[in-house]
Amino acid sequence: MIDEIHREDGPSPSRLSETELAENATEGVTRRGFLASIGVGAVAVAAGGGSASARPSTEVLKPDEMAKLTLKINGRIYRLLVEPRWSLLYVLREELGLTGTKVGCERGECGACTVLIDGRPQYACLMLAVEAEDAEITTLEGLMDGQELGPVQQAFVEHDAFQCGYCTPGQIVAVEGLLRKNPDPSLDEIRTGVSGNLCRCGAYGHIFEAAQKAAKLKSGQGGKS
Amino acid sequence: MNTEEKRYYFLEGLPVPETPLPGDEPAPWKKTHFVGKGLPRVDAYERVSGSAVYPSDVNFPDMLYAAILGCPYPNARVKSVDTSAASKVAGCRGVMTGSSPGADIAWRYEKKKSKIFDPHCRYEGDAVAAVVADTPYSAWDAIKAIKVDYEILPFVSDERNALASKAPAVHPGGNQVGKPQTYERGDVDKGFKEADVVLEAEYRTECELHTPMELHGCVVRWDGDELIIWESTQGVYSVQTMVAETLGLPLAKVRVIGRYMGGGFGSKLVTSKYSIIAALFAKETARPVKLFLTREQTYLVVGNRPPTNMTLKAGIKKDGTLTALQFTCLGTGGAYPADGTWGVDWLVRDTYLCPNVKCESTDVYINAGPARPFRAPGHPQGSWALEQMMDALAEAIKMDPVELRLKNIPTYSQGRPGNMPYTSTGLKQCLVEGAKAFKWKEKRAALARTKQTGHIRRGIGMAGGLWQVGGGMPPSSIVLKLFVDGSVNLNMGASDIGTGTKTIMALIVSEELGVPLDKIQIENADTGTTQYATPSGGSKTVPSDGPAVRDAAVRVKQRLLKLASEDLKSKPEDLTVVGGYVVSQKDKSKRIKIGEIGKFKEQRVIVGLGCRGPNPVGKIIQPFCAQFCEVEVNTLTGEVTLLSFLAAHDSGRVMDRLTYDSQVIGGITMGVGFGMTEMRVLDRRTGKLCNKNWHDYKLPTSRDVPSEIVSLPLELPDAEANSIGAKGLGEPVTVPTGAAIANAVYDAIGVRVTSTPINPLQLNRLLAERRGKE
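Top line first, the protein sequences correspond to chains A and B.
Position in the first sequence counted from 1, then plus 107, gives you my numbering.
Position in the second sequence counted from 1, then plus 118, gives you my numbering.
None of these hints come from the bench; they were simulated from the model.
Since we're looking at a predicted model, the values are computed, not measured.
Among the clues, some could well be false.
[Said to hold, decoys possible] Simulated pairs of lysine-lysine, PhoX-like, Cα-Cα distance not exceeding 25 Å: (1) Lys262/B <-> Lys169/A; (2) Lys155/B <-> Lys323/A; (3) Lys401/B <-> Lys371/B.
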């Protein structure tokens, strides 16, 4: 966990001085130092249940050097070279072509990039790819059964729970995450469950209906995953 | 008498052949089998599985990423740009400024000339330089390394100050954009003299930003001398035109593809600088280039619904007859001409019967991003004033607000010259049926009986409305191919911006040819391969392209029946298509499978070209609506909870019930944003946009929308409008929402909120003011 790194390494991100940050930047940063200094935004997310790796390594990277990374996405192992600063969202979309996960704001406001990290919905834009190592990452594509739609996806189709469809992958993943935790949510719980996912077309009403239908589909079928 | 009128006259009371003769407009459908049913979208699978490739999803192995440096000031002159450090940034493949070779390119806003990189930046975010790099991270490293020397100039950021004598001029010649637009009928002074009650009020609506979920941008690749652009756009042909003009390319050499797009709401009707910059970089580097703006940039440079400052004076007789309406509006399209006041006066001119009307709208320049059309441009703003005034008038003469509106229903368009009649006018039905379904009278009586004492107060409100466009128009052409196995390929240029266009077009084909939806493949929104279409905006895609699809299907059917008539030894007009067979209507035993038709087996495919005919001359096609809502106001916190909404809409025939309802709930949700949560905040001291993100600029979320939204379509038959009988829907659904909420809040607490947004900040201030007076 990242907050563990902070404890082990001493200075918390806020305590790193400008000079220390500048030194890190010029000399190249350790992965752990990098996480401590840059991953401020991600800490809040990952600390809640992510499983970013905290290796006791002292590996030093030059600014343009790539880090080796293994990601487990939708049950498949990907071995990659990444810049430590790349977000999980960037890696998913631009490096791996998993474009079911959408990009809306890159600052943790809209939820278009929602993925499941160990079963919990999280924003891929607020997570560095290196933080996601060792985690089970599930994207929209991972909710499919081959070419067949999963129950949440099927419910979204039936209730026309989208318009332009761009926030939809995030909404579907958020509902999937909600139902894994709470298989029979009330309308109020559904509203809260997707409250981190903006829909500018305003499809919320149909999204609520779809979530209720998805809960039924999942319980009726035993549900996929 | 024009040809359309003759035809309808001729058809009056006559049996209509199911398939019209070539050149005839098909008669309205009677019983439908597919249209109006509410089937899931034809592209639903693609959209929920992640297999739909949106422009921002386009990816090439050798693709580079570009980014644009925007001016950080609302008004500044670029003295010099130092790109030396930027070009040395690791991964940077190119830097561009206005002085780069080939980058000194003209750009225009309506008639006002500018440049892609204009050395005078008149609004925050205008392009100063651009870079292209291996990754977006490197691109932003390089952007940050660009050093710009600006001469910071004085600015004006509030349109209310733009005409003051000391206001800095955005352009030489002052800040007024042309002469004020004026409109007058009758004599308002006479009208006010005839009135028993005259009321006057000021209204303001804040600037609203589109912020569609998919960022604005494109991926660009040169294939030899052909420029291919995957763009998140509402109109591929509109982008093609502007890019070809700007870069001096033949139209045929600019291929724009926008098969999927993640929302636009008007902000993606036009072309932006990024497409040009990406094309230049792609040429220079001989690599595909992806250039999407950042979310913050989309708040600055790709349009807005402009703010308005309105006054409305209204005269009325005790019996509810409107005698005069006098309206003024001051608005702004930003730093360049952008129709800052378009459509704002329309509802005052056209909605309710009134013999004496005078309107004046003044558009001014300010140092802020140029406006773009935003879902029903001008209308929610005008509705905010007119519909609140109607309620105030009703109260003044002690009349039910619904009754007052019903007293003043026109059957012709007063706002246009010639008092032309509407093809259908459902305003009355929307008010009557809407009120009935909402239980308006019962709820009103119940609220009047109850003495509300606690800090939670309940109220109901409503507003009527219409949308000025929404009737559709030529041009539109469609190519339909029927294959020998009975499957169909539909080729159209229109974008499906999320409204369900593709699904509706497929339903029209199904209705006409009996082909199930899963045997229809649609190719759309690609200037290289699909038919011409105007951009999807104005709520006109269905009424414009739908009749062309039907025309194409009818032509294919005519050909099919002609071929089958040889096999069946029948007249083509006696034949029809049922479930993959051509069947004689006179003798049901005479039937042949489509694929078995002799000549068809040889030809393999029947191609039909459909076109959109002209609209009826001397008539106006407009959608109408009325929305009703119930709210709860917490007078301690200033919070307003939306309990329920009911939307009664006359948009002609319901083409697909599912997507129809989606439009309704979406329009109301967006109207909730306009009325209750959204406002652009420009800092008074710096002129910079304070809330360029979704955290500080609040959209309605899943927790803010009404628990219950009831969609009540009033399917008034409209055979004159077009051959499918549908009128536009996407925009009228957001016109009356804000005003209906304001009226409900007034009903609950007796406070008129005349400025948007009705948020706790404002409501608390108004409640405190009232407590001060008590």
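Hints, one by one, checked against the model:
1. Lys262/B <-> Lys169/A: 20 Å, holds
2. Lys155/B <-> Lys323/A: Measuring from Cα to Cα gives roughly 24 Å; hence the hint holds.
3. Lys401/B <-> Lys371/B: 14 Å, holds
Checked against the numbered hints given earlier, the structure satisfies every one of them.
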